[in-house]
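Trainee: Since chain X is already given, all that's left is putting chains E and V on it; use the hints.
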Amino acid sequence: MSKEEVRLFIGPQHPGITGNMSIEVLLKGDTITWAKTHIGYLHRAFEKLMERRIFIKSFPLVCRICVPEPDTNEENFARGLEELAGIEIPERAKWIRTLVLELSRLQMLIMWYGGIAGSMGLSTPVQWGIGDRDYILDLFEELTGARIYHIYILPGGVRKDLPEGFEERVLKTMDMIEKRLPEYDEVIMENAVVQKRLKGLARIPKEWVEEMGLTGPVARACGFPYDVRKDNPYEVYDQLDFDVITEEGCDVWSMLLVRRREIDLSINLIRQIIDKMPGGEFLTRLPNVLYWKIPRGETYVKSESTRGEFGYYMVTDGSDKPRRVHVKGPSFIHGITLAERLLVGQNIADVAPILVALQTCPPEMER
Amino acid sequence: MDLAERLKKKFEVIDFKKQREDLFIVETTKKDLIPMLFYLKEYEGFRTLTLISCVDWIEDGKFQLSYILWNSRTRDNIMVKFMLNRDEPDFETIYKMWPQAEAYEREIHEMFGVNFEGNPTQHEELILEDWDDIPPMRRDFDTLKYSMERFGEREPKSGINIRKEISEQYDEWRRK
Amino acid sequence: MGKDKYFLNENPEKLTYSGVFKRFDDWARARSLWVVAYGTGCGAIEIRPTFTSRFDAERLGMQMVGTPRQADVIIISGYLTVKTLKRVIRVYEQMQSPKYVVALGACPINGGMYYDSYNAINRLDLYLPVDVWVTGCMPRPEAILAGFKKLQELIDSGKADGWKKYIDNLEWYRENQKKIIKNWRMPNYNW
Numbered sequence: 008m009s010k011e012e013v014r015l016f017i018g019p020q021h022p023g024i025t026g027n028m029s030i031e032v033l034l035k036g037d038t039i040t041w042a043k044t045h046i047g048y049l050h051r052a053f054e055k056l057m058e059r060r061i062f063i064k065s066f067p068l069v070c071r072i073c074v075p076e077p078d079t080n081e082e083n084f085a086r087g088l089e090e091l092a093g094i095e096i097p098e099r100a101k102w103i104r105t106l107v108l109e110l111s112r113l114q115m116l117i118m119w120y121g122g123i124a125g126s127m128g129l130s131t132p133v134q135w136g137i138g139d140r141d142y143i144l145d146l147f148e149e150l151t152g153a154r155i156y157h158i159y160i161l162p163g164g165v166r167k168d169l170p171e172g173f174e175e176r177v178l179k180t181m182d183m184i185e186k187r188l189p190e191y192d193e194v195i196m197e198n199a200v201v202q203k204r205l206k207g208l209a210r211i212p213k214e215w216v217e218e219m220g221l222t223g224p225v226a227r228a229c230g231f232p233y234d235v236r237k238d239n240p241y242e243v244y245d246q247l248d249f250d251v252i253t254e255e256g257c258d259v260w261s262m263l264l265v266r267r268r269e270i271d272l273s274i275n276l277i278r279q280i281i282d283k284m285p286g287g288e289f290l291t292r293l294p295n296v297l298y299w300k301i302p303r304g305e306t307y308v309k310s311e312s313t314r315g316e317f318g319y320y321m322v323t324d325g326s327d328k329p330r331r332v333h334v335k336g337p338s339f340i341h342g343i344t345l346a347e348r349l350l351v352g353q354n355i356a357d358v359a360p361i362l363v364a365l366q367t368c369p370p371e372m373e374r
Numbered sequence: 007m008d009l010a011e012r013l014k015k016k017f018e019v020i021d022f023k024k025q026r027e028d029l030f031i032v033e034t035t036k037k038d039l040i041p042m043l044f045y046l047k048e049y050e051g052f053r054t055l056t057l058i059s060c061v062d063w064i065e066d067g068k069f070q071l072s073y074i075l076w077n078s079r080t081r082d083n084i085m086v087k088f089m090l091n092r093d094e095p096d097f098e099t100i101y102k103m104w105p106q107a108e109a110y111e112r113e114i115h116e117m118f119g120v121n122f123e124g125n126p127t128q129h130e131e132l133i134l135e136d137w138d139d140i141p142p143m144r145r146d147f148d149t150l151k152y153s154m155e156r157f158g159e160r161e162p163k164s165g166i167n168i169r170k171e172i173s174e175q176y177d178e179w180r181r182k
Numbered sequence: 006m007g008k009d010k011y012f013l014n015e016n017p018e019k020l021t022y023s024g025v026f027k028r029f030d031d032w033a034r035a036r037s038l039w040v041v042a043y044g045t046g047c048g049a050i051e052i053r054p055t056f057t058s059r060f061d062a063e064r065l066g067m068q069m070v071g072t073p074r075q076a077d078v079i080i081i082s083g084y085l086t087v088k089t090l091k092r093v094i095r096v097y098e099q100m101q102s103p104k105y106v107v108a109l110g111a112c113p114i115n116g117g118m119y120y121d122s123y124n125a126i127n128r129l130d131l132y133l134p135v136d137v138w139v140t141g142c143m144p145r146p147e148a149i150l151a152g153f154k155k156l157q158e159l160i161d162s163g164k165a166d167g168w169k170k171y172i173d174n175l176e177w178y179r180e181n182q183k184k185i186i187k188n189w190r191m192p193n194y195n196w
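Chains as they are written, first to last, in the working numbering: chain X, 8 to 374; chain E, 7 to 182; chain V, 6 to 196.
Derived from the structure by calculation, the hints contain no laboratory data.
In this text, all values refer to a predicted model and were calculated from it rather than measured experimentally.
Each hint should be verified, as a subset may be incorrect.
To be verified - Sample of chain X residues at the chain E side, in silico, Cβ under 7 Å:
1) H50
2) G220
3) R236
4) D238
5) N239
6) Y241
7) T306
8) V322
9) I340
To be verified - Chain V side only, calculated, beta carbon under 8 Å to chain E, not exhaustive:
10) F26
11) V87
12) Y120
13) S122
14) I126
15) R128
16) N188
Glycine included, every Cβ here is placed at the ideal spot set by N, Cα and C.
The following block holds chain X by itself, in its conformation from the complex:
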């Protein structure tokens, strides 16, 4: 380290960092020459706690691994347990689970759309984004009883059926959100300052996508059509009609375009699901949940969250507690391996938009 370089911690208490992690940089003037990620501020040892609890008691823990989008974790864990134990779930339960997953994606994308503007200094879309997201949280409160941590998806189906008139309220909320989106576009996408700042920022070389295993909108912005909903379909995604969205640009502006078009895709999928939903049972009752033993085996299940591919590696050994549950979040690679190589050569004022575009989420990096 020469005498011209300054060591700085863009530390845990900072309004520009998404969550509670810190990045240590070496600065020469305004340009970053070396970067390193520090995590571990939110480590609660979930995997050790899950080895001490029986299967049904781990569901309140699993919710809290990824804080803004908790339904993906519950669904993965339940699907893994059903595969290891050999349980079939009824058809209507799969459709209800898909509806909950798509609503959860939509509220996370709307909050993100306000957040990327807030990281560059435009503070009005932040208020719009968080305010419009509350209407979807009201729907969740009517369905499951809580705004954020639902604990609605259980092994065997879902906890309760949809209430009376729920479908009309969902469709009305979708119409309302669709009417609000052109206002966001006018302020964010047609803004000359935003376009000049984000076009050409942090270009990812194309070899890195397959080598490092990048997934989600980061890979789709480089032209690779990787989407778990199309590659290895789960629940009812093979009966729905949609295309994978890709862009050719590899920079932050392409990631913004990909996610903006995914908001339209989610609204379209929700309308299709409500149209095609069948009737029937919503839960297959397990014999005695407190004494449920699963035979020996291991599996790896995955699903698509807003950030990328979320995977659960589960090993059981014949008793009523799991032997090992390893949660693989997409931010582990994006936040540690990719960010350390991508931030070299950038301006220090661009650290916040880059991290928000990669959507690094510290709770799922260190569980």
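Mentor: Just chains E and V now, kept in the frame of chain X:
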């Protein structure tokens, strides 16, 4: 020939199982693992490393290391695993083939104590700070006892008025 | 005996010159509290709706600032790990007196659902002085606003003195903190 027969011809395969339509599980030995990963990456199209994980089988005295790969053409996952002796947990790194293996191996070294030779940042702390006990994810580490000893019991002694209890503790400390 | 019916046992509190200023100070301070922007745990997801347009906390005079030197309140939203506790103590000691701490959730009270984790602390009260506790997992924005209202009442009546207790009993707090933080490399701030 399908994948199972091709692998059995070249390497020592202890077990091959098809768990789902798109997930294969292969068990092999310690010296055949890295040649098999290289063969799968170059000739079969499994070019992406998804996860490296570790399981502690304390009754048999072994660690199990699992490597999960993904093929972007046929959309299949394959899991390659092998057993490692618990008393001498040493292995080599695959950092040169995939750069994200550095972070996964760093975490396994901190949580289980497995030593990966050749990994440049292995001894730096990733998640814990100033840890001085055995690696915490091993099965013989009792987390409830550690928490009670270090952070104190859960219930306050009087249980009703926390402000009064704290001021009682101040006076008691001062009288000592 | 007869005299005690007509005479008080101690002097009644008179509003002197400095008493009037202190009363005005408390009244003004309660209506304009500034909060350090630090989301320490799970609860940070419900702080953002509280400070934006639906459940507006800015009508109570509260605003998020970026640096602890300009702030009055620090909100501990949820559990704390040992690594974060060291940074929170440093941020708390950099704030100017008088300062207040609000604890959200069930985890600072007695550990919550992470009671057997080797990294999450069980009782926040042994390390920092807390003024208002708000229960829930996570508490709703309306509950957080009720907690802020209670804090305003405590400041108004002059009873929110956690910062005074911290300075008076500093050795007791330091002994508790050094028991769990092993590598103690913190500066000594000038009070």
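Trainee: Taking the earlier hints as the rules, which of them does this structure contradict?
Mentor: 3, 6 and 10
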